[in-house]
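Chemist: Here's the letter readout for the chains.
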Amino acid sequence: MDVTAAGVTTAPIPPEAGPKPARPPGTWRQGWHRFRRNTTGMLGLGLVGLVVLVALACPLLAPFDPNDQSAMMNFGSRAAPSLKHPLGTDRMGYDVLSRVVYGAPTALAVGLGAMLVASVIGMIIGGVSGYLGGMADEIMMRLTEFFLVIPVFVVILAVVRLFGIIVVGSPLERVPFLNLFTIIILLGLFGWPSIARLTRAEFLRLKHMEFVEAARCIGATRRDILVRHILPNAMPSLVVVIALGIGGAILAEAMVSFLGFGDPKAISWGQLLYFNYESLKVAPWASIAPSAAIFITVLGFNLLADGLSDAFNPRLKQ
Amino acid sequence: MGKLLGILRYILRRLLFSLGLILGVSAIIFALINAIGNPIEILLAERPGISTEAIEAMTRYYGLDQPVLTRYGTWLWNMASGDFGTSIMYNQSVGEMLSTWGWETLKIQVPAILIALSLATLIGVTAATRQYTRTDFGVMTGALLGQSLPGFFVGIVLILIFSYWLGIFPSYGAYSTRNLLWGSPLADSLWHMVLPVAMLAFFNTATLTLLMRSNLVDVLRNDFIMAARASGLPERRVVFGHALRNAFIPVLTYLGILFGLMLGTAPVTETVFTWPGVGYLYISAIQQLDFPVIMGVSMIITVMLVAATLLTDIAYVLIDPRIRLE
Amino acid sequence: MPSIPALSSDVANDAPPSRPLLDVQNLRVHFLTGAGAVRAVDGIDYEVGSQETLGLVGESGSGKTMSSLALLRLVPRPARVVGGRVLFEGRDLMALPESQIGAVRGKRIAMVFQNPAYSLNPIFSIGHQLGEIYAWHEKVGRREAWARVAELMHLVGITDPLARLGQFPHELSGGMKQRVCIARALLCNPALVLADEPTTNLDVTIQAQILELLDELKRRLGTSMILVTHDMGVVARMADRIVVMYAGRICEISDARTIFRNPQHPYTRALLESMPRVDQSYARSRAERLPVIKGRPPNLLDPPSGCRFHPRCPEAGPECRRLLPEMTSIAPGHAVSCLRRGSPGAPAS
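Residue numbers (the numbering used here), protein chains in the order written: chain P, 1 to 318; chain V, 1001 to 1326; chain L, 2001 to 2349.
The hints are simulated quantities; they were obtained by calculation from the structure and are not laboratory data. Glycine residues also receive a C-beta, built at the ideal position from the N, C-alpha and C atoms. The reader is advised that the hints may include incorrect statements.
Said to hold, decoys possible - Which residues of chain V face chain L? A partial, calculated answer using Cβ under 8 angstroms:
| # | residue |
| --- | --- |
| 1 | Ser1171 |
| 2 | Gly1173 |
| 3 | Ala1174 |
| 4 | Arg1178 |
| 5 | Asp1223 |
| 6 | Phe1224 |
| 7 | Ala1230 |
| 8 | Gly1232 |
| 9 | Leu1233 |
| 10 | His1242 |
| 11 | Leu1244 |
| 12 | Arg1245 |
| 13 | Asn1246 |
| 14 | Thr1309 |
| 15 | Pro1321 |
| 16 | Arg1322 |
Work out the full structure: start from the sequences and follow the hints.
Modeler: Shown next, in the form of structure tokens:
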């Protein structure tokens, strides 16, 4: 520590104890205030919160065990909604309400899990691509474009089925919910391009800003700059795309399950439809209830994304 | 003249690139299918009881007793000359199946996309020109709702209302086996098409409307729109002649992808309505492990997509004067 | 088909008719926001004679652009014209039905915009977009329209006009684009041209050329012009009369010479003082610094009470906070709205 005559230390500040990541004062607080006043966003948050609550409390909320087929014996399957079975029973005697309730954690697991995978991959690829530029950028952009165009759906179906075959007879076979995990990971593997594109755009925008130069001047490492300075500033836009992606992943899994490729041991709303679609005429409630559940959940996330997008990039309102 | 030459050179370059892309994807597909093991063995595991002669015949027919690269080469060569192999499920030429089932899918996809495009343009223009009014918010909310609905939900609702309750439209199939509507096969066919087309059009409209509206809003903000108004041109002409043309250009890419992936984006609709299209076929093929069909469908979708992208790129060069050809 | 006079020295020497070409009375434009009404233009009155160039000066936010857009009823949402009359060629433009204003726009009153790069449609050729306007107004076919466009391109000094007809905006330089925009404005031989900062987005050397072009066109064609700008140097060169605006109201109107030699309103004086001069050197010491107008531009949502300029005015007195000054004539052709110069005031906000 050198102390000059004027009493000011001139030792260089070690980067590890560096200045706090420079973000515009109170982006998050400002955004939150704006978000609170935004009806769509709050509605979305409410819906999502509802689904999360149901998922967490499903054993408490469901009147029956989801695998309870006793209705076959006394009440009869495909029974219309009644006091005992508020949403009726389905083709195989399950109580619809219970199965819908137990479908919530599956849906959330799919949405959050897939987006977790997609975000990690997307942020790394997009961030590196945007920051480094040049050849790396070119290659990654082509890769992203390629992935964006693949008919994700058909590929997932094929891979899920074929994976199921490969796994037969191997130790992997005994992993619980393996099929579901496969779907989640595949959705993530095909969901990263949109995140990568946005991350890249944000990093491109931010890397020229003054606070990055300032960080470089005081000797912050590249990793430091990327993770502690640029990334937090890119988060607001990313969060919006991630919220949208969660809804998209839930929809995708629902469709995959509806076509019969879902995990038979997991309770998912798409699966419920797969089982009950043939009795649509006689027991429509068994198909409508899970569909409505999917709609509410995805709508919640989409509204949330809309509200977040408004909060961080306010449109000029009348 | 020089410009024409430049365009031709560009087309040639893109054509070669597209061919290379198709080749690459075909290699990936082939590799994947073969990576999971000998298809015959797998078939055996899934469906024991096939006679040994049948197995040997298939092995020889599919050339499975030959090295991988030879098989790949044979497969490519066959495909290029239009022979996609024979379906294990149906024992029919895959090429034939693709054209029959493909036609059914096109029957519902093409009208759906065209209807969606027209609706989206109208609604998008209405919303964009009334930005920030209730109409605009209504449209945006509607589109948002549309994008949050699971596909089968719309189909289910359509069937419940129009088929079961009102009894106007049939709920499955592409043709009636007896009692054709008004005694006419054409009318009967169209009658069956209505609900599936409505379902497909619904989702495409939601996405296209948002896209169209957003582009239009951006374009309408521009100075040259204000300048066109200041020059005395009527509002109609400014919006449709100037703004819409500018806003439509980015939509071309999306349209290209929509058309390119047509064959592969209808499996849910086709399952809901039991429509005999490529999506439905593909699902069964995957369930039954009918590899020739799986590979054939994948390849045809790839080719269509690459072709569509190529056409879109060429269209861009012709329409947008700002595009440089290098 | 209207033709351009080959040489019109006699046009410029004609005695101007007694009635002004354009008579703006109490024009008001408001933005309606959730937080209240923003008064972008708060009651302005001025006139433009025939063959006259009126300079409209003020800082950003003074309402100068809004007021000129309002003349053609092109004020963009969420702003709206909420009052006033604009008399032009015997009619009140504000009272015209929507179907008839189109015949005035581009034909009798035309506009040149600030940024030539953005005010031309990038996907249409020059011939196409300019020809469309001429064909629409004069109801002629394509061939005639394109011929007229070529004629005008030649007039504005564009070389090889026939080749340019088929070119697209991105193929032209900034200066050429602005010439095209000027040509567009002159297609139907309008009586009045509104030029909104026509040179601000151009290189300095090109600026001079464009100004010279505008000058020459004005002399040859006898068109009147309203030149909106924040640049006193431009109005010094181009304007016959000058209107100085601040916070949506007019401070001072007079002919150019008087404004520069004998400015009365404190804002006008401050503006002139803050113009950098070539023959002066500016240093960092207080005495020789380039003068600035102290304070900040007014918040139009909640404007200062009384005279809008009083928080920044070196001569402000106690009454300036209470009373809103009205425009008063202090000499023939010279009007000012300042309580300290004798304007009466009304206790309004």
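Chemist: If a hint holds in the structure, say so; if it doesn't, say that too.
Modeler: Cross-check of the supplied hints:
Using the Cβ-Cβ criterion of 8 angstroms, the hint placing serine 1171/V at the interface with chain L is not satisfied: the shortest such distance is roughly 46 angstroms. For glycine 1173/V, the interface hint is violated, the least distance from its beta-carbon to any beta-carbon of chain L being 46 angstroms, above 8 angstroms. For alanine 1174/V, the interface hint is violated, the least distance from its beta-carbon to any beta-carbon of chain L being 42 angstroms, above 8 angstroms. Against a cut-off of 8 angstroms between C-beta atoms, the interface hint on arginine 1178/V is violated, since the closest Cβ of chain L lies about 55 angstroms away.
Interface hint at aspartate 1223/V: satisfied, since its Cβ lies 4 angstroms from the closest Cβ of chain L, which is below the 8 angstroms cut-off. At its closest, the beta carbon of phenylalanine 1224/V sits 5 angstroms from a beta carbon of chain L; the interface hint therefore holds under the 8 angstroms criterion. Taking 8 angstroms as the C-beta contact cut-off toward chain L, the hint placing alanine 1230/V at the interface holds, the least distance being around 4 angstroms. This hint holds: glycine 1232/V has a C-beta 3 angstroms from the nearest C-beta of chain L, less than the 8 angstroms allowed.
The interface hint given for leucine 1233/V is met, as the beta carbon of that residue sits about 6 angstroms from the closest beta carbon of chain L, less than 8 angstroms. Given the 8 angstroms rule on beta carbons, the hint for histidine 1242/V holds: about 6 angstroms separates it from the nearest Cβ of chain L. The beta carbon of leucine 1244/V is not positioned within 8 angstroms of any beta carbon in chain L (closest approach about 11 angstroms), and the interface hint is therefore violated. Because the smallest distance between the Cβ of arginine 1245/V and any Cβ of chain L comes to about 6 angstroms, under 8 angstroms, the interface hint for this residue holds.
Among the interface hints, the one on asparagine 1246/V holds; its C-beta lies about 6 angstroms from the nearest C-beta in chain L, closer than the 8 angstroms criterion. Residue-level restraint check for threonine 1309/V is violated (minimum Cβ-Cβ distance to chain L is 22 angstroms; threshold 8 angstroms). The beta carbon of proline 1321/V is positioned within 8 angstroms of a beta carbon in chain L (closest approach about 4 angstroms), and the interface hint is therefore held. Because the smallest distance between the Cβ of arginine 1322/V and any Cβ of chain L comes to about 6 angstroms, under 8 angstroms, the interface hint for this residue holds.
In this structure, the earlier hints numbered 1, 2, 3, 4, 11 and 14 are contradicted, and the remaining ones agree with it.
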